[in-house]
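Note that our numbering gives residue 31 to position 28 of the sequence shown, counting from 1, and the numbers run on in steps of one.
None of these hints come from the bench; they were simulated from the model. All C-beta atoms in this analysis are idealised placements derived from N, C-alpha and C, irrespective of residue type, glycine included. Any given hint could be a false lead.
Derived CB-CB ranges, DEER-like [claimed, not checked]:
no., residue 1, residue 2, range
1, F22, A52, 25 to 35 Å
2, M4, E66, 54 to 64 Å
3, S35, R62, 34 to 44 Å
4, K60, M4, 46 to 56 Å
5, L58, L16, 34 to 44 Å
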Amino acid sequence: MTWKGFWEGIASLFEDFLFIPYDALMKLELDSWWLANIVSWIFLLIGAAAFIYWLGKLRDFNENTEVTYTYDENP
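Using the sequences and the accompanying hints, generate a full structural model.
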């Protein structure tokens, strides 16, 4: 096996198997733009929900008045 064969195998993996969902979306876009872009809207909603959750956790951390360090303040 040569390096060329190795890289061609990786290219074949992506082109023949891993890009199948993207090829389906590409063909779907020719029929219906709205259906093809629902995937993008779903990802945007998931990202917005994760961002809101993250901001809530940051607020909780910021409002926490518990002392969590272990060193002595006044040696």
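Okay, the hints, checked on the actual structure:
1. Look at F22 against A52: about 27 Å separates their beta carbons, and that is inside 25 to 35 Å.
2. Between M4 and E66 the beta carbons are some 58 Å apart, a value that agrees with the proposed interval 54 to 64 Å.
3. Our hint of 34 to 44 Å for S35 and R62 holds, since their Cβ atoms are close to 41 Å apart.
4. The hinted range of 46 to 56 Å is satisfied by K60 and M4, whose Cβ atoms lie roughly 48 Å apart.
5. Taken as a hint, the range 34 to 44 Å holds for the pair L58 and L16, whose Cβ atoms sit roughly 38 Å apart.
In this structure, every one of the numbered hints holds.
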